[in-house]
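Let the hints inform the model, and build the full structure from the sequences given.
Listed below, chain by chain, are the residues.
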Amino acid sequence: MAFEAFQLEDYNALSDDEFRTLVQRFLRENHPEDLRHPAKRLHWDQAGRWYMILSQAGWLAPNWPRQYGGMGLNPAKQLIYVEEFEKFGAARTPDHGMMLLGPLLINYGSEEQKAYFLPKILSGEHIWCQGYSEPNAGSDLAALRTEAVLDGDEWVVNGQKIWTTLAGDADWIFCLVRTDNTGKKQQGISFLLIPLDTPGLTIRPIINLELDDEFSEVFFDDVRVPKGNIVGEVNQGWTMAKNLLGFERIFLGGPRQASNALAKLRRLGEHYGRLSDPAFLDQYTAFRMELEDHQALFGRVADKLRRGERLGAEVSFLKLNQTSLYQRITEYGLELMAEDGARLEALNGSNDLAMQTQFLNARASTIYGGTTQVQKNILAKAVLDLP
Amino acid sequence: MIDADILSSIEMIRDSARGIASQGDFSRVRRLRYTSPGFDRTVWSEMCALGWPALRLSEEKGGVGLGLLAYAALAEELGRGLVPEPIIPALLASAFLEGDALESHLTGKELIIPAWQDARGTVAPLRPLSLTDGRVTQNKLYVPMADGADAFLVVGVDQSALVKASAPGVKIETAGTQDGGNFATVRFENAPCEIIHSGDPTAALAEASLATAAYLLGVMQAATEMTVSYLKTRVQFGKPIAQFQILQHMAVDMRLEVEVSAASIEQAASQWDNEGPTPAARAAISRAKARASSAAMKVTRDAIQLHGGIGFTDEHDIGLCLRKAMVASTLFGNAKAHRSNFGQLRPLVEEV
Numbered sequence: 001m002a003f004e005a006f007q008l009e010d011y012n013a014l015s016d017d018e019f020r021t022l023v024q025r026f027l028r029e030n031h032p033e034d035l036r037h038p039a040k041r042l043h044w045d046q047a048g049r050w051y052m053i054l055s056q057a058g059w060l061a062p063n064w065p066r067q068y069g070g071m072g073l074n075p076a077k078q079l080i081y082v083e084e085f086e087k088f089g090a091a092r093t094p095d096h097g098m099m100l101l102g103p104l105l106i107n108y109g110s111e112e113q114k115a116y117f118l119p120k121i122l123s124g125e126h127i128w129c130q131g132y133s134e135p136n137a138g139s140d141l142a143a144l145r146t147e148a149v150l151d152g153d154e155w156v157v158n159g160q161k162i163w164t165t166l167a168g169d170a171d172w173i174f175c176l177v178r179t180d181n182t183g184k185k186q187q188g189i190s191f192l193l194i195p196l197d198t199p200g201l202t203i204r205p206i207i208n209l210e211l212d213d214e215f216s217e218v219f220f221d222d223v224r225v226p227k228g229n230i231v232g233e234v235n236q237g238w239t240m241a242k243n244l245l246g247f248e249r250i251f252l253g254g255p256r257q258a259s260n261a262l263a264k265l266r267r268l269g270e271h272y273g274r275l276s277d278p279a280f281l282d283q284y285t286a287f288r289m290e291l292e293d294h295q296a297l298f299g300r301v302a303d304k305l306r307r308g309e310r311l312g313a314e315v316s317f318l319k320l321n322q323t324s325l326y327q328r329i330t331e332y333g334l335e336l337m338a339e340d341g342a343r344l345e346a347l348n349g350s351n352d353l354a355m356q357t358q359f360l361n362a363r364a365s366t367i368y369g370g371t372t373q374v375q376k377n378i379l380a381k382a383v384l385d386l387p
Numbered sequence: 388m389i390d391a392d393i394l395s396s397i398e399m400i401r402d403s404a405r406g407i408a409s410q411g412d413f414s415r416v417r418r419l420r421y422t423s424p425g426f427d428r429t430v431w432s433e434m435c436a437l438g439w440p441a442l443r444l445s446e447e448k449g450g451v452g453l454g455l456l457a458y459a460a461l462a463e464e465l466g467r468g469l470v471p472e473p474i475i476p477a478l479l480a481s482a483f484l485e486g487d488a489l490e491s492h493l494t495g496k497e498l499i500i501p502a503w504q505d506a507r508g509t510v511a512p513l514r515p516l517s518l519t520d521g522r523v524t525q526n527k528l529y530v531p532m533a534d535g536a537d538a539f540l541v542v543g544v545d546q547s548a549l550v551k552a553s554a555p556g557v558k559i560e561t562a563g564t565q566d567g568g569n570f571a572t573v574r575f576e577n578a579p580c581e582i583i584h585s586g587d588p589t590a591a592l593a594e595a596s597l598a599t600a601a602y603l604l605g606v607m608q609a610a611t612e613m614t615v616s617y618l619k620t621r622v623q624f625g626k627p628i629a630q631f632q633i634l635q636h637m638a639v640d641m642r643l644e645v646e647v648s649a650a651s652i653e654q655a656a657s658q659w660d661n662e663g664p665t666p667a668a669r670a671a672i673s674r675a676k677a678r679a680s681s682a683a684m685k686v687t688r689d690a691i692q693l694h695g696g697i698g699f700t701d702e703h704d705i706g707l708c709l710r711k712a713m714v715a716s717t718l719f720g721n722a723k724a725h726r727s728n729f730g731q732l733r734p735l736v737e738e739v
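As given, the protein sequences belong to chains A and B, one line each in that order. Counting from 1, one number per residue, gives the positions in the first sequence under this note's numbering. Counting from 388, one number per residue, gives the positions in the second sequence under this note's numbering.
Worth flagging that the hints you see were computed from the coordinates, not collected in a lab. Any given hint might turn out to be false.
[To be verified] Derived DSSO-like pairs: lysine-lysine, alpha-carbon spacing no greater than 30 Å straight-line:
1. K120/A with K87/A
2. K685/B with K381/A
3. K619/B with K242/A
4. K619/B with K184/A
[What the hints assert, rightly or not] Rough simulated footprint, nothing fancy, chain B against chain A, three-plus residues with beta-carbon under 8 Å:
5. 314-324
6. 343-356
7. 373-383
The beta carbon of each residue, even a glycine, is placed where N, CA and C say it ideally should be.
Put into structure tokens, the structure is as follows:
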């Protein structure tokens with residue numbers, strides 16, 4: 001495939017409209033049709049094809065600077081990129097390397113680390129997963145206990161990570177590990193890169209409520225990692241990881257899930273011949289209006305980004321609002337399905353009507369990325385200045 | 388994104404509004420409750436001197452020529468102060484009036500209040516005017532602050548009639564409203580009038596709905612701020628009740644409603660300023676008013692709950708916010724009326 005038409009020296013030189021058109025064309029011409037609007041997170045055996053297309057086109061890392069092989073998009077262009085990908089229903093790739101690790105290495109990694117790891121993320125040679133949560137460190141992430149002890153030239157890692165997304169597809173894991181127990185819990189955490197084929201490391205898939213093995217547990221039993229695999233200073237991992245929760249946080253509050261669920265609700269309404277039933281229409285219209293309100297809220301935060309402002313804690317309002325709407329749409333849809341909502345398989349084999357799956361999927365949205373309750377704790381302190 | 392010039396004129400509007408709606412001191416508002424006409428004519432004259440009733444009029448009509456976004460900012464500040472003067476009905480009248488009547492309305496010499504509503508739960512007049520020999524016969528409902536009107540503008544589906552409040556054949560049946568103001572059923576029976584060729588009133592009424600949504604946003608902000616500061620000062624079980632997590636979460640939910648309403652209103656007003664009264668822009672306004680109406684009710688209800696017993700007394704100002712929301716949420720179409728208007732403007736068949 002030839003990608004010359006999509007490879008520009010400086011994407012930011014395009015007007016926003018020109019860039020939007022380019023992204024739309026890129027998706028139309030390159031995205032595999034059978035991977036559009038996936039009902040759940042795709043594994044590498046499916047999404048890998050799309051990853052490699054993005055890789056070859058040089059479109060994998062919109063957020064990285066040009067010198068590291070990214071597209072070097074400014075915030076306004078990044079928003080357009082993401083908006084168009086979502087609108088198109090583009091499949092999400094295993095993107096932890098691009099989204100999280102890449103920016104962290106670019107900011108805090110050594111020159112050797114950047115030169116070694118960044119190209120391998122871009123080429124698809126290294127697929128990364130994230131090792132943050134632990135059985136006893138979920139919302140209270142800083143309580144994590146997986147420890148790394150220096151023994152000569154190696155860190156020896158013992159402990160357990162959980163909710164590791166797509167660990168089974170990955171080659172490497174980036175972890176927050178405890179390297180000091182003496183001070184404040186946030187201050188003894190380091191950022192460590194570990195190959196998943198290291199002896200002593202075991203992955204056990206977890207079957208989630210969607211009966212899917214998207215998550216895994218990862219066990220570390222005397223796993224030996226070269227000393228140089230630490231990123232940044234020892235005991236600075238927490239600060240680094242937290243600083244990175246900037247730009248990408250806005251996408252947790254994007255309208256995508258609620259918007260997909262509403263499209264599904266409409267198709268269900270059609271399927272059951274309810275599109276002219278006033279009771280259905282009233283509820284459906286109320287949801288449409290709520291979705292547009294949310295889009296207005298999202299637009300407001302996006303404008304802040306475009307103006308180059310830093311997002312504060314108020315970005316959490318987006319996630320609270322979106323996930324609440326997402327869940328309520330799926331709850332109403334499930335009720336609309338009545339007995340059909342009890343089916344294990346999608347109605348008529350059509351994912352478009354599978355509100356049961358969507359309902360189950362929506363359960364997770366108020367848990368991951370900071371539960372609704374933790375977000376409210378944060379907002380109470382940061383925005384309302386409550387004790 | 389909103390243009391920098393517009394933002395700076397909005398800031399000026401806000402500043403002058405804050406001058407009149409004294410922040411956090413509701414003693415004037417309290418004094419005027421349950422009196423007739425329910426607002427202060429001297430304050431009304433000051434508002435006229437500031438050019439507020441002319442805010443949306445073009446400069447050639449002697450107006451200020453500002454957009455709906457600026458009008459929304461003004462209404463929001465007035466809502467924050469629970470200001471009772473009938474600025475939104477007066478601006479609606481300005482949109483229709485012409486000549487001498489307009490001039491004396493804008494200067495505050497003569498307050499003209501529109502009487503547009505034919506039925507409960509509607510967002511626009513349903514009937515044409517019934518006119519015989521320059522006299523109008525019509526019943527109009529829920530005419531806001533009718534006690535203070537010098538004249539009424541009877542708005543029909545395609546034209547309007549200007550009638551002096553003191554004219555023969557005008558019967559005003561005033562009812563008090565929960566916030567201490569009033570509205571009236573006004574019966575016009577062969578009342579002498581001046582015909583105004585106002586055309587289709589739906590666009591001007593949509594602007595009044597959006598302004599009322601913004602007013603409600605101000606009410607919500609006042610209620611949220613009052614509640615958050617109360618949580619920090621009220622001590623029970625040996626600590627400020629702000630330390631109780633469930634109360635914190637309720638306060639965050641209130642603030643979330645404020646944020647979503649603000650975004651919805653801002654988007655609708657910008658769309659209106661950019662593309663004019665298209666069906667999509669009118670639907671956006673209905674969406675914003677529906678949101679603000681239900682959000683203001685939720686926020687002020689929770690505000691009462693978070694104040695506990697003192698919140699149930701008339702003496703505490705938080706109750707003023709709830710009662711104001713009870714009234715403003717219904718004016719120019721309540722949440723239900725605007726949801727149904729949205730459905731009509733954006734029918735399902737047209738959406739892909």
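Hint check results:
1. K120/A with K87/A: holds (29 Å)
2. K685/B with K381/A: Holds, at roughly 22 Å.
3. K619/B with K242/A: OK: K619/B and K242/A at ~29 Å, within 30 Å.
4. K619/B with K184/A: With a Cα-Cα distance of about 28 Å, the restraint between K619/B and K184/A holds, given a limit of 30 Å.
5. 314-324: holds (count 4)
6. 343-356: Three-residue rule not met by the region 343-356 of chain A, so violated; n is 0.
7. 373-383: Held - the region 373-383 of chain A has 6 residues with a Cβ nearer than 8 Å to chain B, which meets the minimum of three.
Consistency with the previously given hints fails for number 6 only.
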